[in-house]
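**Q** Sequence:
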Amino acid sequence: MAVALSTLVEEADRYLNSAKIADYCPNGLQVEGRPQVMRIVSGVTASQALLDAAVEAQADLVLVHHGYFWKGENPCITGMKQRRLKTLLKHDISLLSYHLPLDLHPEVGNNVQLARQLDITVEGPLDPDNLKVVGLVGSLSEPVTPRDFARRVQEVMGREPLLIEGSEMIRRVGWCTGGGQGYIDQAVLAGVDLYLSGEASEQTFHSARENDISFIAAGHHATERYGVQALGDYLARRFALEHIFIDCPNPI
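Numbered per the numbering used here, the sequence shown finishes at 252, counting up by one with no gaps.
Treat the hints with care, since some could be wrong.
Claimed, not checked - Straight-line alpha carbon distances no greater than 25 Å define the calculated BS3-like cross-link-like pairs of lysine-lysine that follow:
1. K81 with K71
2. K20 with K132
3. K86 with K71
4. K20 with K71
5. K132 with K71
No lab work stands behind these hints, which were simulated from the structure alone.
Use the sequences and the hints to build the structure in full.
**A** In structure tokens:
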């Protein structure tokens, strides 16, 4: 089965409500390839490694969370950017990218998908008064120690997370995938026992220690593998296409 590229993009835009979400990059079709799509390759970032793997897999479209053309970046098509775009254009492969719309979505979003992986029941937004904060808050079915929860994260993520251990058992959790460590202050106000994100900054340690909550940094890439897979699966089911998720490991 094949679907028109325009039809697939229109459905993805609609499903993620991307036109109504302000972002730091263009969401949707970033590079136009062949007009028909039969095979989707998805991955977290449109790196050269993913593009090369997509060429090898004979993909018609690459679907990612981290695409191109970020605000403030050098617009010149040189160096790494030139090589990436040349690969797509040479092989007539489309690039479809969704950033914040994929973080926020209530079904295939990165944050909701991570909660499912870690058996967290979603209760609501991390900061109900600020819609720009894309994190969530939820609860565990039973309280666990910080170290036990960190072991759960390690089993799911396939890598050892950074744990800053607080004194309380973990009942309520706040989280934001990727580079959401700056939301730890909102997590403190939300009254969580543990805050989880992909990355950590120097000041994150002090915020966790001085507010006596646990903190886990589980990896930017690792925490954002699940949304793009779920979106790829949705589009594959919707249009009877083939979907392959390719994980290009990143320790950050």
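**Q** Would you mind marking each hint as holding or not holding in the structure?
**A** Here is how each hint holds up against the structure:
1. Restraint check for K81 and K71: satisfied, since their Cα atoms lie roughly 15 Å apart, inside the 25 Å limit.
2. Using a Cα cut-off of 25 Å, the hinted pair K20 and K132 holds, with the two alpha carbons roughly 13 Å apart.
3. A threshold of 25 Å between alpha carbons decides the hint, and for K86 with K71 the separation of about 21 Å falls inside it, so the pair holds.
4. The straight-line distance between the Cα atoms of K20 and K71 is roughly 18 Å, inside the 25 Å bound, and the hint therefore holds.
5. Of the supplied pair hints, the one linking K132 and K71 holds, its CA atoms being roughly 17 Å apart against a limit of 25 Å.
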